[in-house]
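Asker: What follows is each chain in one-letter form.
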Amino acid sequence: GENVEQHPSTLSVQEGDSAVIKCTYSDSASNYFPWYKQELGKRPQLIIDIRSNVGEKKDQRIAVTLNKTAKHFSLHITETQPEDSAVYFCAAPPLNAGGTSYGKLTFGQGTILTVHP
Amino acid sequence: NAGVTQTPKFQVLKTGQSMTLQCAQDMNHNSMYWYRQDPGMGLRLIYYSASEGTTDKGEVPNGYNVSRLNKREFSLRLESAAPSQTSVYFCASRTQAGDRGFSNYGYTFGSGTRLTVV
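These protein sequence lines map, in sequence, to chains A and B. End of the first sequence = 117 in my numbering, gap-free, step of one. End of the second sequence = 1118 in my numbering, gap-free, step of one.
Here are some chain B residues pointing at chain A (derived, C-beta under 8 Å): (1) Ser-1031; (2) Met-1041; (3) Gly-1110.
These are calculated hints, taken from the structure and not from any lab test. Using N, Cα and C, we set each Cβ at its ideal position, and we do this for glycine too.
Generate the whole structure from the sequences, applying the supplied hints.
Answerer: Below is the structure:
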């Protein structure tokens, strides 16, 4: 099955700085990599995702990059704001022998991001 | 449009008691999932239902059972609760079950059930 490792477990930045969270995955056939943001006491929400046929995707202040050769992908947040403070999770689909995941996801352990005003 | 609705939001059980967590979605999604969230361990898949009429085990199924009652509803049952099942439980759904080409895997999560087993 898929193994997803996420680093760092905690990240503290000053408002306006950039933040980078990195995940590695084990299954070279994985083709979809989402990032979820979870605010305290709330449900996880999808913030950005990338498919394996592209190397980078941006949405305003957030971006995700993918290195298929090294089997890692990263979340980049620029010009951080206090409201970016949350737990961020990466994920990848665990594929069966036939290359199917049925929508299942293996999540990383999470990164607690704190943005200080 | 409520999205994914979970009940109850909080529950305290005694060891050995049973209970059912309810989940319903109104987005006409095919696939539904139950995850548990524990500190430092991310979210781990308990059971899933790729489509109405099918269910299958995830990463941590022991001690749980599920029922896909219809396309909207997917319930999770703890037959004999144990302290190790203290966790936050999330139900999620997504639009399609197949993986042909590149699918939209974006989950919609419910608001969660915080369960404590004493």
